[in-house]
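**Q** The numbers in this note's numbering rise by one with no breaks, and the one at position 289 of the sequence shown is 289.
Check the hints yourself; a few may be wrong.
To be verified - Keeping only pairs whose Cα atoms sit at most 20 Å apart, straight-line, the calculated PhoX-like set for lysine-lysine is:
(1) Lys340 / Lys440
(2) Lys258 / Lys273
(3) Lys367 / Lys115
(4) Lys469 / Lys454
Hints in this document: simulated from the structure, not taken from any laboratory.
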Amino acid sequence: MSEHKTVTIDLEETEKVTLGEHSELESASASGVLSVNNVSERSRIWNVRVLLKEGRIGTTISENDLSAGEVDAGSKWESNYGIDISEPILTLTETFDTCSTEESEESHWAYVHGKENPVRITIVLKNETDGQLDNMVLNKTIPLEFSGVNVESLSSGTAEFDEGTRTVIWKDFLVYPKESATIIISATGNVEDVETKSAGEIIVTYRGESQQRSNLNPDLSALTEFLTGIETAETEPNQWQCTLECSNESDLMVRLDKAEVYYTPEGGGDSQKMIDEAPAFEMAPNDEWTAKFEVSSKTPPKCTQEVVYTPIRVISKRVLGTIEKKSQIIPVSHIDYVKKFDPPDVHSFDKTPVEVTIEVRNIGTAKLNKVIVQDSIPDDIMPPKPEHVTMWIRGVEYSGPSQVTIEPDDQNPEAPHRIIFMVDDLKESVGELEPGESFKINYAIMAWRNRPEKEYPSPIHCKAYAYPKGLPAEAFSADDGHKLGVIYKKRSISVKKGINKGSNSGEYIVVLVIENKGEVTAENVEVTDWIPTGFNYVRTEPEEESPSEQPTSEGTNLVWKYTRMNPGDKRKISVTVQAGEGAGEYERREPQVTSD
């Protein structure tokens, strides 16, 4: 039976799908072409009607039946229609991860300027139907900034990267019902500017044979070359055998659906149904079908017939689909910084407060969620306390999640220190650092009697991360960068001494003049003068300048201590001493002075 020709009703339905950059469905439309194909080589069909009934609901077809008229041998009749759909039969999900070496629940979505970004692209195609999808071809455009493009894995089929068109072509595969197919592409992304980049579009074509998007279940009624007749033969006097004869004269398969014969008695009266058949008999070309009955009549019986037949039809159907996914836009992380000392230079051998300002600027096109600044404080500088550090975002003092770590955790100016500033999870506090915005840090240090012959570099290293955390955008100085300038200022503490006889016998007045003739403040100034053996300390004028006494084997040392003497400070001291019995002349020794 299958070798004979049958009229084909063909449903070819097409769906077109557009996905956004994150694989979200933007649009899905479908249309179809219904065609009646007369595959006969010689027989036309006519009075062709396509029967649709309720199956047309959800399409733009407004009638239950479509009239196709006459279709010549080897010809076809077509009708176009639209279909309402909400989802495609194939779904596509692309995951574009710019930092495949960092595990994360969410994919990384930004390049880092000036680095080798380890990119992994995962594309999953899922068959949402109960039928097989085949003839599948996927074309993925590969960005120009990619090198080392490699098809890391694929579930089936073949895939290769075409250097000329910069396209990965995946083909020769199918997707079974309710199952998925996956391809993974890896590459290295190198970005040397901050303009947003295209991740490359995807186009997928596919076929679902024996599938459809509409609910059409068409049937067919038509006529073709078919003969019917009633043979009346007298078998005995006044006894007649009547035979309904049907023959298929076409080269198509025909189905006989109804055969009725009515006999009108010769004397008149109501017609009698003699044959009432619904054989659903399939007739190949040149096949015949007959049905018989007998009647008594003096004259040849008068019979009428009603025969219903139609060419047998088969239904073929398929869905041809196209998915176009828009290219994801990939921003670029990039930062720079400014670091300033105020004042930029300090006086040597002095203690000078210095304000440090660091500004990390987002000069890329990606939002930043985390910033880390590692600053270096050289020796001869006292670091700040964490509570004296302020941070600013968008001109407002920042009070969200942050951390300030000083290593070592002390304020010893004789040792170098490292300070680490970190703000994290900006996304959940004040919002991510947008392109063009900056993060500022302000803190004060104390330059601690810096030496003019020594250099004081203060290098810095800044890092910033998009969310989720991947490779950092970095900006840093040279190891000897950001030197605090030291301006040489001379140190000079002068002590002049005079020894005068007093008004009383054996009395001496020792006059000391202590003066800071230098250009910097002197701290921890200590002046020591000596009273010989045989002489006794009596008093000091002014009284508040009284020294401490330190007996020695050669007499007594008088010691004056001053916490701080600014340039130009002067102190004049008169010390009265009295000679004891047998003491000689008052021996002069020069006073000693030390300071920081």
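**Q** Does Lys115 lie within 20 Å of Lys367 when you go C-alpha to C-alpha?
**A** holds (17 Å)
**Q** Take a quick look at whether Lys340 and Lys440 sit within 20 Å of each other, Cα to Cα.
**A** holds (11 Å)
**Q** Given the hint that Lys258 pairs with Lys273, test it: the Cα-Cα distance must not exceed 20 Å.
**A** holds (13 Å)
**Q** Is the hinted pair Lys469 and Lys454 satisfied, with a Cα-Cα distance of at most 20 Å?
**A** Given that 20 Å is the threshold and the Cα spacing comes to 40 Å, the pair is violated.
In the structure shown, a violation is registered for the earlier hint numbered 4 alone.
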